[in-house]
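Taken in order, these protein sequences are the chains called P and L. By my numbering, the letter at position 281 of the first sequence is numbered 281, and the numbering carries on one by one without gaps. By my numbering, the letter at position 190 of the second sequence is numbered 190, and the numbering carries on one by one without gaps.
By construction, these hints were calculated from the structure, which means they are not laboratory data. Ideal placement from N, C-alpha and C gives every residue a C-beta, glycine not left out. Among these hints, one or two may not hold up.
Claimed, not checked - Simulated coverage check for chain L against chain P, where a stretch passes if three residues somewhere in it have a Cβ under 8 Å from a Cβ of chain P: (1) 110-118; (2) 121-127; (3) 138-146; (4) 172-181; (5) 294-304.
As the list claims (entries may be wrong) - Here are the computed distance ranges between Cβ atoms for each label pair: (6) Arg288/P <-> Pro257/L: 42 to 52 Å; (7) Tyr327/P <-> Val76/L: 24 to 34 Å; (8) Leu252/L <-> Gly267/P: 44 to 54 Å; (9) Gln349/P <-> Ile149/L: 47 to 57 Å.
Stated by the list, open to error - Simulated coverage check for chain P against chain L, where a stretch passes if three residues somewhere in it have a Cβ under 8 Å from a Cβ of chain L: (10) 44-50; (11) 117-126; (12) 179-189; (13) 293-301; (14) 308-317.
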Amino acid sequence: MSIQRLTAIARKELIQIWRDRRSLWIALFMPIMQMGLIGYGASLDIKHVPVCVSDREGSQESQDLLKRFQASVYFDLVGSVADDRALTAAIDSGRCRIALVVPPDFSRTLRDAGGSSVQAVVDGTDDNSANVAIAYAQAVISGYSADLRLDFMRQRGLGAQAAAPLAVEPRVWFNEDLQSRAFIIPGVVAMVMALIGALLSSLTIAREWERGTMELLISTPVRPMEIMLGKLVPYFGIGLLDAALCATIAVGWFQVPFRGSLVMLLGTAALFLIVVLGVGYIISVLTRNQLGASQIALLVTLLPTTLLSGFAFPIDQMPAPIRVLTYLVYGRYYVTILKAIFLKGAGPQDLLAPILALVVYAVAIGALAARAFRKRLV
Amino acid sequence: MFARIYRLIVKEFLQLRRDRAARFRLLVPPIVQMLVYGYAATFEVHRVPTAVLDLDHSQESRELLARFTSSGRFEVRAVLEDRDEIARVIDREQATLVLQILPGFAELLRKGETASLQVILDGTNSNTALIALGYVNQIVSRFADDYVIDRLRRLRPDLIQVLPEVRMEQRPWYNPDFNSRWFFVPGVVGSLALVIIANLTAFAVVREREMGTLEQVIVTPIHRAEFILGKTIPFFLVGLAEVLVISLVGTLWFQVPFRGDPLVLLAGASLFLLSMLGVGLLISTLCTTQQQAFASNFFFLSPALLLSGFSFPISSMPTALQWLTYVNPLRYFLVVLRGTFLKGVGFAVLWPQMAGMAAIALLLLVVSALRFRKSLE
Chain P
1 MSIQRLTAIA
11 RKELIQIWRD
21 RRSLWIALFM
31 PIMQMGLIGY
41 GASLDIKHVP
51 VCVSDREGSQ
61 ESQDLLKRFQ
71 ASVYFDLVGS
81 VADDRALTAA
91 IDSGRCRIAL
101 VVPPDFSRTL
111 RDAGGSSVQA
121 VVDGTDDNSA
131 NVAIAYAQAV
141 ISGYSADLRL
151 DFMRQRGLGA
161 QAAAPLAVEP
171 RVWFNEDLQS
181 RAFIIPGVVA
191 MVMALIGALL
201 SSLTIAREWE
211 RGTMELLIST
221 PVRPMEIMLG
231 KLVPYFGIGL
241 LDAALCATIA
251 VGWFQVPFRG
261 SLVMLLGTAA
271 LFLIVVLGVG
281 YIISVLTRNQ
291 LGASQIALLV
301 TLLPTTLLSG
311 FAFPIDQMPA
321 PIRVLTYLVY
331 GRYYVTILKA
341 IFLKGAGPQD
351 LLAPILALVV
361 YAVAIGALAA
371 RAFRKRLV
Chain L
1 MFARIYRLIV
11 KEFLQLRRDR
21 AARFRLLVPP
31 IVQMLVYGYA
41 ATFEVHRVPT
51 AVLDLDHSQE
61 SRELLARFTS
71 SGRFEVRAVL
81 EDRDEIARVI
91 DREQATLVLQ
101 ILPGFAELLR
111 KGETASLQVI
121 LDGTNSNTAL
131 IALGYVNQIV
141 SRFADDYVID
151 RLRRLRPDLI
161 QVLPEVRMEQ
171 RPWYNPDFNS
181 RWFFVPGVVG
191 SLALVIIANL
201 TAFAVVRERE
211 MGTLEQVIVT
221 PIHRAEFILG
231 KTIPFFLVGL
241 AEVLVISLVG
251 TLWFQVPFRG
261 DPLVLLAGAS
271 LFLLSMLGVG
281 LLISTLCTTQ
291 QQAFASNFFF
301 LSPALLLSGF
311 SFPISSMPTA
321 LQWLTYVNPL
331 RYFLVVLRGT
341 FLKGVGFAVL
351 WPQMAGMAAI
361 ALLLLVVSAL
371 RFRKSLE
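Extracted from the complex, chain P is given alone in its bound form (with noise of 0.2 Å):
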């Protein structure tokens, strides 16, 4: 192998790459727009929910009750309704997610016989904004049921055992506020290298069969190795490039804490890059057409990393089959290496199982890069 010639391929990849502003402008303007759309659009925090009230009673209590949800952050009371046909028509158009219906014995029960509910009617159909909606319904509901006690307990003179016996004393590590956007964004830098890395990869070798200057290429005294090299050290300095480009605006601009070390995030990431862009050069000679190779680059890259590399859907919430499989994705590894050195401050030895795994992804990707490239010349 010569180095002399390896570099010429790359500067005449460069080259091309400069003049085809295209792809350069994808490899620029994607991981902001995609750093930009995700970071505000991609939020799981449950704020603000909807709420109908339907107070059948409309009494001192009931209305006590129901201030407490317009106090609440988490709730918007958005209308009030009559009866059972006006709260379904409300839930069904979307216009609340939860109506609370206060029975109209609501106080006279409560007065005489000690309990009494309240029913809250959720709209199920988006399962986990339900699920948080209720627990915070739960709450202004448990705060307003423990007061009428205290104050029951005490205009008894029983206020000394009154007091709550149990507190629950919360301590979130990493992500302290639980926003969602310091859980979401450090697996955007992962799904931006691979989509890149394995797009604007995926086209280089298909690119020269298309266009008819592989022969050329070929009967130079070049060397596959050289080609291979050559064409996707460009690539390289780009992706590294990306990398740090989204880990700056993922800190500088939506604030998420940076606790490790940048030679890990730099050096993490160029074992990454080693393995998308194997996986995109792969797909390139395999295919030696620009856009089969790009479309089957966007379909082996995206769905895995969106989906089963831990980015959004906890891999240990889903069916076993299903987590055995997403020990395939190389995603994986590298998202929860993002994770960690950006909330924990990881550093290598807190990491040596994802990192491992990379490292022999990556030597089995060069290596049947390699090869491929190889077999297709002859």
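With chain P fixed as given, assemble chain L onto it according to the hints.
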């Protein structure tokens, strides 16, 4: 005129029949995606990996911890002996949550003071952490309630009957078990139709242009309107077939209920597909090569999927982005899909969505037809 459109449609289907790769791409990836989404896309939280550290070793502390294990929400993976172990289990992700009971817990309880349960949470996955914390709060408040009542029973048994309490009876509609699959599967139908149809349409026209066959078509007596119709009708039909197949996989394989009227879904799907054809045609008038079409398509798909409410609720987005979702046809189609699958509602509820898609489709088709005329000359 109809004869000419018909010939074009036949030509388009012939092309599809000859192109094995294209047929494969139409059938296999959508089904694979549907299966992967159905199984993998879940925000549900069951079996939270938990570690416990009981430094009090009292009857009360054991009772409290037992409630966690019996709730079925938490899976105790480790019983710790020492506080130093907390960091280790969390760092190694053996547990998402550590329940710690400090010495003196039972004594505080017995004295009538407030004892505390310390919960150390790995917040990396904010959603899981938040839901787990909600479960913790529920268990603890029930324990506290029972404890108060127990105490009162000894002091003033007469008051137990009238001790006020307000409970919440939850009535989840449409998806009573909070099954994530029911939420995602109808959405996949829409997002796959989005990905496939706009893409196909854009490429069909751009390919003719790139290969130079567009000129040949132009010199034939075909009108432009006929050409556009002949090009789009096949993809419209392909789109409807896709929606049908994917919906069937969802209802038959994943057992997601379909409670509405299939005709309502058909109407919604038709309007949605029309707007997708509009997007595809518009892209095709903007691009001259397949490469460009691919790139433009990507820049359309990614925001359209994200800003639709497919996996992230629109109501959680910043206001500016919420406004932007109104120009996204998928936003409306997802409401129609979930409305017909889960809610079983009809036109009376869904007409605003239908109107929204119709308006977008009309606008896109008119604009792209006008542009198409220009770009031909």
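Q | Unmet hints by their number, sorted upward, for this structure | A | none
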